[in-house]
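Protein chains in written order, with my numbering: chain A, 1 to 220; chain B, 1 to 194.
Some hints here could point you the wrong way.
So the derived label-pair ranges between C-beta atoms look like this [to be verified]: (1) 39(B) x 18(A): 31 to 37 Å; (2) 70(B) x 73(A): 41 to 47 Å; (3) 51(A) x 170(B): 29 to 35 Å.
So, partial list: chain B residues that the calculated Cβ filter (under 10 Å) puts toward chain A [as the list claims (entries may be wrong)]: (4) 33; (5) 56; (6) 57; (7) 61; (8) 65; (9) 85; (10) 119; (11) 129; (12) 131; (13) 132; (14) 171; (15) 175; (16) 180.
Quick caveat, the hints were computed from the structure, so don't treat them as lab data. In this text, a Cβ means the ideal position worked out from N, Cα and C, and glycines have one as well.
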Amino acid sequence: MATLPSEKKPITLDTFLRGVWEENPVFVMLLGLCPALAVTNSAVNAIGMGGATIFVLLGSSALVSLLRNVIPKQVRIASYIVIIATFVTIVDYAIHALSLELYGALGAFIQLIVVNCVILGRAESFASKHRITKSLVNALGVGVGFTFALLCVGSVREILGAGTLFGLPLFGESFQPWVVMVLPPGGFFVTGGWLLVFAWWKERKQRKLVEREEALHAAG
Amino acid sequence: MQPDSLWFIFLSAFLVNNFVLAYFLGLCPFLGVSGKLDTAWNMGLATTFVMFVSSLCAYGINLLLVEYHLEFLRLISYIAVIASAVQLVEMTVKKLSPTLFRALGIYLPLITTNCAILGLALFQTMRNYSFFQSLVFSIGAGAGFTLALMLMAGLRTRMDLADVPSVSRGAAMSFMLAGLLSLTFMGFAGLGAH
Chain A
1 MATLPSEKKP
11 ITLDTFLRGV
21 WEENPVFVML
31 LGLCPALAVT
41 NSAVNAIGMG
51 GATIFVLLGS
61 SALVSLLRNV
71 IPKQVRIASY
81 IVIIATFVTI
91 VDYAIHALSL
101 ELYGALGAFI
111 QLIVVNCVIL
121 GRAESFASKH
131 RITKSLVNAL
141 GVGVGFTFAL
151 LCVGSVREIL
161 GAGTLFGLPL
171 FGESFQPWVV
181 MVLPPGGFFV
191 TGGWLLVFAW
201 WKERKQRKLV
211 EREEALHAAG
Chain B
1 MQPDSLWFIF
11 LSAFLVNNFV
21 LAYFLGLCPF
31 LGVSGKLDTA
41 WNMGLATTFV
51 MFVSSLCAYG
61 INLLLVEYHL
71 EFLRLISYIA
81 VIASAVQLVE
91 MTVKKLSPTL
101 FRALGIYLPL
111 ITTNCAILGL
121 ALFQTMRNYS
131 FFQSLVFSIG
141 AGAGFTLALM
151 LMAGLRTRMD
161 LADVPSVSRG
171 AAMSFMLAGL
181 LSLTFMGFAG
191 LGAH
């Protein structure tokens, strides 16, 4: 296979930052929503899930990128899934060994990282076309973006629903926890709220761009 | 009701612990194809069908894996076998009943990578369900998924006519609706427990 032109482009900060902000997997691309909502009833769980996902993303991106010239095109998706499932099994056993508490909180959702579309999406659209270092940088960016989104949802839910952040109490004794926020409906509400914030921010940016162009037009 | 009775398992998967609204499984199709009622119904039907098939497969594989002490291969083998079983079923349906295939066809490959399917297989293994319990669990989960999908489709058709700020159109609004739906389903909590 001939080297693609995109492989020659140098690694820039954009390779990393694009995944964190502009193409944030959860808030902008709406990918990987199941884990983003299911395990984010506390900030610690969000970090644990994010860390596990970053590990799987890095491992699978590296392997897919290394094997990209070996894997036949027809069976690539199946091969990617086997690679991803291998790394997920490693993470599953590692978390089970390291922290039983976290393992209990995340439950089956660690194994469900396999079907997280963020990871398969990276393997298919980036790692299979780029060199290993570039794939790793990109995967790290997307992973950090994913963790950031999980942390956004998780911390809001924990603050409102339990009055704590990372287990530390924030308010006085008189605080009445808004319990519904740590229950399933809260996940939908908080994620919906963050999506609103992002949509508003995007619209504002677009409006400013239009205004600036109109001003330029009027001046010219 | 006994917690391991078939009726309890069905009710729990159907309403109390609805896969979409309580476990957040299968959110992508839930948000993606809940635009119209008839597509929602077909999607729900196809998902229930795939759930039934994969529940059968998962039960069989698990027996084999436990027999040979290969539990660490569970995840890989579940995914591989479920995906190929669905492919096989798809080809069979195409051959035997073109009408059914037209109704379900395009959804089947999409569903295979749906987390609700793998989640179902993992849950039934974790809870050590027997053969019949697994089957009932899969039907309950599928019915619950269909119910959630159709309710959402109904809500969204009404929502299209509502006058809301432009920022909240689309995904944000769907999430708020799903939150309300999830809140209503919480009313079922405690059903069947004494």
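Right, here's what the structure says about each hint:
A hinted range of 31 to 37 Å holds for the C-beta pair residue 39(B) and residue 18(A), which are about 33 Å apart. A hinted range of 41 to 47 Å for the beta carbons of residue 70(B) and residue 73(A) is inconsistent with their spacing of about 30 Å. For residue 51(A) paired with residue 170(B), a C-beta distance near 31 Å keeps the hint of 29 to 35 Å intact. The restraint placing residue 33(B) at the interface with chain A is violated, with a minimum CB-CB distance near 14 Å, outside the 10 Å limit.
For the restraint placing residue 56(B) at the interface with chain A, the shortest Cβ-Cβ distance is roughly 19 Å, beyond the 10 Å limit, so the hint is violated. Annotation: residue 57(B) was flagged as interfacial toward chain A, and the flag is violated, the nearest CB pair being 16 Å apart, outside 10 Å. Hint on residue 61(B) is violated. Least Cβ distance to chain A is approximately 14 Å, over the 10 Å limit. For residue 65(B), the interface hint is violated, since its Cβ never comes within 10 Å of a Cβ in chain A; the closest pair sits about 13 Å apart.
A least Cβ separation of about 14 Å between residue 85(B) and chain A goes past the 10 Å threshold, and the interface hint is therefore violated. Given the 10 Å rule on beta carbons, the hint for residue 119(B) holds: about 6 Å separates it from the nearest Cβ of chain A. For residue 129(B), the interface hint is violated, the least distance from its beta-carbon to any beta-carbon of chain A being 14 Å, above 10 Å. Hint status for residue 131(B) relative to chain A: violated, with the closest Cβ pair at about 20 Å, above 10 Å.
Of the supplied interface hints, the one on residue 132(B) is violated, with its beta-carbon coming no nearer than about 22 Å to a beta-carbon of chain A, more than 10 Å. Interface hint at residue 171(B): satisfied, since its Cβ lies 5 Å from the closest Cβ of chain A, which is below the 10 Å cut-off. The restraint placing residue 175(B) at the interface with chain A holds, with a minimum CB-CB distance near 3 Å, inside the 10 Å limit. With a least beta-carbon distance of about 8 Å to chain A, the hint placing residue 180(B) at the interface is held under the 10 Å criterion.
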